[in-house]
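Visitor: Make a model of the complete structure from these sequences and hints.
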Amino acid sequence: MRPDSPALGSIGHIGARALGAIEYVGGMWLLLVGTMRWTVRGLFTRKGRFSWSALASQVVRLGIRSTAVVIVVQFFVGVILALQMAPPLKPFGSMPMIANIIGVAVFRELGPLISAVVLSGFAGASIAAEIGAMAVSEEIEALRAHAISPIRFLVVPRVLGTVVAMLGLCVIADLAGALGGYASSRLVLGGEAYQGYWGRIAEQLGMFDFVTGLIKAGVFGLIISLLACHEGLKVSGGAQGVGRATTMTVVYTIFSLIFVDCIFTIIFYVYQW
Amino acid sequence: MTASIDNTQAEQTDVVVRVVDLAKTFDDLVVLDGLNFDVRRGETLVVIIGPSGCGKSTVLRLMIGGMTPTSGHVELLGANLNELDEKGLDAVRLRMGILFQSGALFNSMTVAENIALPFREHTDLDDETINIIVKMKLELVNLRHAANRMPAEISGGMKKRAGLARAIAMDPEVLFYDEPSAGLDPVTSAEIDQLIIDLKHKLAVTSVVVTHEMDSAFRIADRMIMLDQGKVLKIGDRQQFDALRNSPPTGETTEDLIRQFLRGDDAGPITDRRLRGGYEEDITTVGQMPGRRTSRNRGGIQHSNAV
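Line by line, the protein sequences are chains U and H.
Residue 55 in our numbering is what sits at position 74 of the first sequence, and the numbering runs on without skipping anything.
Residue 175 in our numbering is what sits at position 173 of the second sequence, and the numbering runs on without skipping anything.
These are calculated hints, taken from the structure and not from any lab test.
In this text the structure is predicted, and so the values were computed from the model without any measurement.
Positions of the beta carbon are idealized from the N, C-alpha and C atoms, including for glycine.
Treat the hints with care, since some could be wrong.
[Said to hold, decoys possible] Label-pair ranges, simulated between beta-carbon atoms:
(1) H/ASN109 - U/HIS(-6): 38 to 44 Å
(2) H/ASN109 - U/ILE248: 38 to 44 Å
(3) U/GLY(-7) - H/ASP87: 32 to 38 Å
(4) U/LEU13 - H/ASP87: 15 to 21 Å
(5) U/GLU184 - H/ASN109: 40 to 46 Å
Guide: Quick look at the structure:
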């Protein structure tokens, strides 16, 4: 094969993309390790200077702002689920099962996932844009020059803030989704669907269903914030770079969320959690 | 023998920054090619980035340990930066200050909070003490009135002064300036230069200024060093550079090149070099866009994305 042949060119291209992906994952891993190290150091040593106020302000900034959207979106998801399931369940006289199905779907799956998608738009994009703008205006370099670790100062409060916000949002989303299902059952589907609705949800759901949802929510929060921080920190090239980082954060986050969710679901299925 | 050892030791301790055979390449692009120079305690050394325009950020980042050299090393305050881990670098960074080109204030904090940050992060001082120190630092740069303003609400010159107040917050032994007068009007630029001179006298701080603003360079420098195409062209005190600037062309290329840059003449070795940039060849190569590498090599002038 000639050295300048198109086939060799595409192999080289694929190789370069693969190396790029490995480098990206490596960068994320280093950021995760750095974040964990600074969190532990911050919580257990005085020198780590953990700032509870910085964490609280991030939770408020990232979580509170997205709460209303999560409630509305998840309520609609509950409404849609109930209405979509009613026609196939009705001939079998299984309308009461709507509560059970909504319980599983929302608490195990849609609560964490939909909250994460909403939060990736709110928190992910805003973190990437904020840190990216700081990188462009030399603020990150200024932090380093003052012997202040950008990971400790910027990444740790944002990552922990997103995880905490995500856990809270997940619980709220679960309730909003179940409420949406109840509302459509009550207002549209009739007595069969809504009588004993809450009882059946409680009966269907074990502790594991709730906890697996929360575990996922925590991991999703980690993914959203780490990706956003990583994209933000590597911004170069001015305003264009910031725009690119924001877009890529949302794209990568949604891809990663679904991918990780799939892995979780397989693991939970295999171990029957 | 003993005397000579003593002398060497005295010389060693007198050197705040030592740059040894420093080289940096990005892929195949040579940005710095074996720099050697010292910065002595208490002086203001102005590093003039010459006509090729490259390597400004690289020189500065290498000197503050923000980047690893391809070869050679930098000794900052007696420590070889290549041999330090992040913790060691932080220890050195606490003894230096840097004024970034844009001021690099943290936009989410007021001017006062910006200056207080190093104290909150590195000391256990109470708020009241920190507030007093912040006021003192702001007074040094004549900016006490803007303490509670946000960076977005102040002018470019004020941002630089605030950045300078933050840089000197922890009483550094050495201060680095990245183009302190770039983007400022002549009066504000002169004010910043005067501030640099005042701070040198008040704080006895060693200063390294990287710039290509000649007016500013001649105002503040004790010594100057001129770089071009990654190499040192000339090191000397301000008077030597001034004499060179005011002398007529001699036909000696390097001297004429420095002279042209110092004066800002529109004809001379620099412009000749640019004219030899292979334009004819470029334009007659029909249907072929010059690749990055090709145009770089043809140009004879190095460009850098890192600048």
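Visitor: All the hints need checking, so say for each whether the structure fits it.
Guide: Status of the hints after comparison with the structure:
1. H/ASN109 - U/HIS(-6): 38 to 44 Å: Taking Cβ atoms as reference, H/ASN109 and U/HIS(-6) lie about 39 Å apart, which means the hint holds.
2. H/ASN109 - U/ILE248: 38 to 44 Å: For H/ASN109 and U/ILE248 the Cβ distance comes to about 43 Å; the hint holds.
3. U/GLY(-7) - H/ASP87: 32 to 38 Å: Taking Cβ atoms as reference, U/GLY(-7) and H/ASP87 lie about 36 Å apart, which means the hint holds.
4. U/LEU13 - H/ASP87: 15 to 21 Å: About 20 Å separates the Cβ atoms of U/LEU13 and H/ASP87, which means 15 to 21 Å holds.
5. U/GLU184 - H/ASN109: 40 to 46 Å: Check failed, 53 Å falls outside 40 to 46 Å.
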